[in-house]
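Undergrad: In case you want the letters, here they are:
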Amino acid sequence: MESIQFQRYITIGQYVAGRSLIHRLDPRTKLSAFLFLTLAITFSRSYTANAILLLVTLGLVLAARVSIRYLLSGLRPALPFILLLAIMQLLFYGNAYVPYRMEPVTLWRVGWIHVTNGSIQAVIVSTSRFVELLFLTSLLTNTTRLTDLTHGIEAMLRPYRRLGLPAHELSLVATIALRFLPLLAEQAENILKAQASRGAPIAQRGRLQFVATARQLAVLLVPLFVDAFRRAEDLILAMQARCYAGGRGRTCYVQLQFDRTDALVYGLTLVFSAAMLVLRNWFPI
Amino acid sequence: MSQQPMIRVSELHFAYLRGTPMEVTALRGICLEVRRGERVGIIGRAGSGKSTLVQHFNGLLRPDSTGQVLVAGSDLGDPATDFRRIHQQIGLVFQTPEQQLFERLVGDDIAFGPKQLGIERPERRERVRWAMEMVGLDFDAFKDRLTLSLSGGEMRKVAVAGVLALRPEVLVLDESTSGLDPSSRREMLRRLDRLHHEENTTLVLVSSSMEEIAEHVDRVYVLENGSVAMHGSVREVFAHPEQVRKLGLDVPQVTAIAHELALVGLTDGSVPLSVPEGAELLLAALGLHSAQPGALGTGDAR
Numbered sequence: 043m044e045s046i047q048f049q050r051y052i053t054i055g056q057y058v059a060g061r062s063l064i065h066r067l068d069p070r071t072k073l074s075a076f077l078f079l080t081l082a083i084t085f086s087r088s089y090t091a092n093a094i095l096l097l098v099t100l101g102l103v104l105a106a107r108v109s110i111r112y113l114l115s116g117l118r119p120a121l122p123f124i125l126l127l128a129i130m131q132l133l134f135y136g137n138a139y140v141p142y143r144m145e146p147v148t149l150w151r152v153g154w155i156h157v158t159n160g161s162i163q164a165v166i167v168s169t170s171r172f173v174e175l176l177f178l179t180s181l182l183t184n185t186t187r188l189t190d191l192t193h194g195i196e197a198m199l200r201p202y203r204r205l206g207l208p209a210h211e212l213s214l215v216a217t218i219a220l221r222f223l224p225l226l227a228e229q230a231e232n233i234l235k236a237q238a239s240r241g242a243p244i245a246q247r248g249r250l251q252f253v254a255t256a257r258q259l260a261v262l263l264v265p266l267f268v269d270a271f272r273r274a275e276d277l278i279l280a281m282q283a284r285c286y287a288g289g290r291g292r293t294c295y296v297q298l299q300f301d302r303t304d305a306l307v308y309g310l311t312l313v314f315s316a317a318m319l320v321l322r323n324w325f326p327i
Numbered sequence: 002m003s004q005q006p007m008i009r010v011s012e013l014h015f016a017y018l019r020g021t022p023m024e025v026t027a028l029r030g031i032c033l034e035v036r037r038g039e040r041v042g043i044i045g046r047a048g049s050g051k052s053t054l055v056q057h058f059n060g061l062l063r064p065d066s067t068g069q070v071l072v073a074g075s076d077l078g079d080p081a082t083d084f085r086r087i088h089q090q091i092g093l094v095f096q097t098p099e100q101q102l103f104e105r106l107v108g109d110d111i112a113f114g115p116k117q118l119g120i121e122r123p124e125r126r127e128r129v130r131w132a133m134e135m136v137g138l139d140f141d142a143f144k145d146r147l148t149l150s151l152s153g154g155e156m157r158k159v160a161v162a163g164v165l166a167l168r169p170e171v172l173v174l175d176e177s178t179s180g181l182d183p184s185s186r187r188e189m190l191r192r193l194d195r196l197h198h199e200e201n202t203t204l205v206l207v208s209s210s211m212e213e214i215a216e217h218v219d220r221v222y223v224l225e226n227g228s229v230a231m232h233g234s235v236r237e238v239f240a241h242p243e244q245v246r247k248l249g250l251d252v253p254q255v256t257a258i259a260h261e262l263a264l265v266g267l268t269d270g271s272v273p274l275s276v277p278e279g280a281e282l283l284l285a286a287l288g289l290h291s292a293q294p295g296a297l298g299t300g301d302a303r
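Line order of the protein sequences matches chains H and A.
Numbers in the working numbering are just positions in the first sequence, counted from 1, shifted up by 42.
Numbers in the working numbering are just positions in the second sequence, counted from 1, shifted up by 1.
Read the hints as simulated data drawn from the structure, not as lab findings.
C-beta: ideal position from N, C-alpha, C; glycine also.
Do not rely on the hints blindly, as some may be mistaken.
To be verified - Some but not every residue of chain A turned toward chain H, in silico, with C-beta under 10 Å:
#1 60
#2 92
#3 94
#4 99
#5 101
#6 103
#7 105
#8 116
#9 118
#10 148
#11 163
#12 164
#13 226
#14 249
Unchecked claim - Label-pair ranges, simulated between beta-carbon atoms:
#15 A:48 with H:149: 34 to 44 Å
#16 A:249 with H:243: 33 to 43 Å
#17 H:169 with A:119: 33 to 43 Å
#18 A:201 with H:243: 22 to 32 Å
#19 H:62 with A:182: 50 to 60 Å
#20 A:200 with H:110: 51 to 61 Å
#21 H:275 with A:196: 34 to 44 Å
#22 A:48 with H:152: 54 to 64 Å
#23 A:46 with H:263: 32 to 42 Å
#24 H:169 with A:46: 41 to 51 Å
#25 H:263 with A:212: 33 to 43 Å
#26 H:243 with A:105: 16 to 26 Å
One chain only, chain H, in its complex shape (with noise of 0.2 Å):
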């Protein structure tokens, strides 16, 4: 058994100090870069597709200089979630499912359950896209200071406040939700510490004793929520103590400076997404 300590699982959210290229660009760039990729992911069915998409994020991960044993220290807590949806599709997709590219074959049968190649496919498919997206979020947030990326939003979003979007606001929004998650996994990690040393069970690694685990979490879930309420309200308090006033004529400190790199990486990955969508029905497996 290990220390109790949440937070060494949580990769996303939480900046990691660099001098790379992809720290030094944009915010406004990668967070553009992210959404390209994010869709190209998306929409990959093929094995090909993903293989290419896998490589590409690797890349990037190698080029932002974030250790890769740090993500994939990510992946960790998803496990279980990862292996449930394998078993889901394995038991359940069968023939109802159309495999890209594929004729579909049942491998094996046992009374209504189907296992087909194309629930493999489904399987591995969705599988390297989680690992796809994980990656390419832990690197956004890895790469980006929390500040960068919400002048990052609010200047994306800046066009659309004509139509009534507060822009400012919504940026401000997705900081503070990214800045939650870290305290959150603290403040579950001290509710666990606190049970534990009143003699709760600690879950058992590698068994799966559900029931006990839902009552555990109920436990957790409820002062977990009630802390996080209570921080909002702190957060509330301090803000206006500090004379905080909404998005309207607010000037930055920061000016975003969107130069040849960004406008070449910006230009890279929308042509590479635009291409992985619109060959998406032309890679041979």
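Let chain H serve as the given structure and place chain A on it in line with the hints.
TA: Just chain A, lined up with the frame of chain H:
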């Protein structure tokens, strides 16, 4: 009394978020011993590793490969150790009370521990009553109060009671009396002293109040940057105010005054730890009253 130490920590190293880019080293080779029935203080400036250290005492944090933590002889690095038993033996109260209460009603929250231990209802009720009495909460008035509606000080008391209800052999209080008003603080410490005398409960006090440490602890460890910078009896450590101040702490005011007086030759270098001791020393120095010889030893810290 058994000679085996209650808690023995040797060469303990620990880093938070190990293996990630945010790794922070918190403990660097701590060695420490808490004997059965002893009262031990742990002090040090903020961020010196006090809380990290005490969370190793009941296995919430596990030592990095090199260090070892033994509780009554069982090795906490060994996965086969019965950690529920350790959690019952070593009662740990954390800093933030509002994060330790998770049941809706005060009574249920305090009963959480005994319930986990499988204790039957009537006995559980007795334990809750006893624990609430120990911290100075009226059983009938508070047992059905909502935990969320309590004040900060009451939450602290409930948090301590929740751990006391486990009847631990060692009680570790991580700044658990800070935030209480002076009289409830004094009251709680008095009750803890009683617990120590009557039931031979071992006490580990993490505190930023030097007065509290001086009056309620026998031995003290001073942490600095994840290592033990000073240790010895309270009198030995507080006999060196300059050294203690260098570590970002201070000695109790009465001790500081006696030290100043000793520098000008008015007193003999005794180290009073409480106001009555200080008064006695002063009276003796003024020739109004003679101090009992040897009542206040001179200290020598390592």
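Undergrad: Does each hint hold? Answer for all of them.
TA: A quick look at each hint next to the structure:
1. 60: holds, 8 Å
2. 92: holds, 7 Å
3. 94: holds, 8 Å
4. 99: holds, 7 Å
5. 101: holds, 4 Å
6. 103: holds, 5 Å
7. 105: This hint holds: residue 105 of chain A lies near chain H, its Cβ roughly 8 Å from the closest one there, short of 10 Å.
8. 116: holds, 8 Å
9. 118: Check passed: Cβ of residue 118 of chain A comes within 5 Å of chain H, closer than 10 Å.
10. 148: At 9 Å from the nearest chain H Cβ, residue 148 of chain A passes the 10 Å test, so the hint holds.
11. 163: Since the shortest Cβ distance to chain H is 6 Å, the answer is holds.
12. 164: holds, 7 Å
13. 226: Because about 21 Å separates residue 226 of chain A from the closest Cβ in chain H, which is outside the 10 Å limit, the hint is violated.
14. 249: Violated. Min distance 25 Å.
15. A:48 with H:149: 34 to 44 Å: violated, 58 Å
16. A:249 with H:243: 33 to 43 Å: holds, 39 Å
17. H:169 with A:119: 33 to 43 Å: holds, 42 Å
18. A:201 with H:243: 22 to 32 Å: Since residue 201 of chain A and residue 243 of chain H have Cβ atoms about 29 Å apart, the given range 22 to 32 Å holds.
19. H:62 with A:182: 50 to 60 Å: holds, 53 Å
20. A:200 with H:110: 51 to 61 Å: holds, 53 Å
21. H:275 with A:196: 34 to 44 Å: holds, 37 Å
22. A:48 with H:152: 54 to 64 Å: Distance hint for residue 48 of chain A, residue 152 of chain H holds at roughly 59 Å.
23. A:46 with H:263: 32 to 42 Å: holds, 35 Å
24. H:169 with A:46: 41 to 51 Å: At roughly 48 Å between Cβ atoms, residue 46 of chain A and residue 169 of chain H fall inside 41 to 51 Å, so the hint holds.
25. H:263 with A:212: 33 to 43 Å: holds, 40 Å
26. H:243 with A:105: 16 to 26 Å: Check passed, 21 Å falls within 16 to 26 Å.
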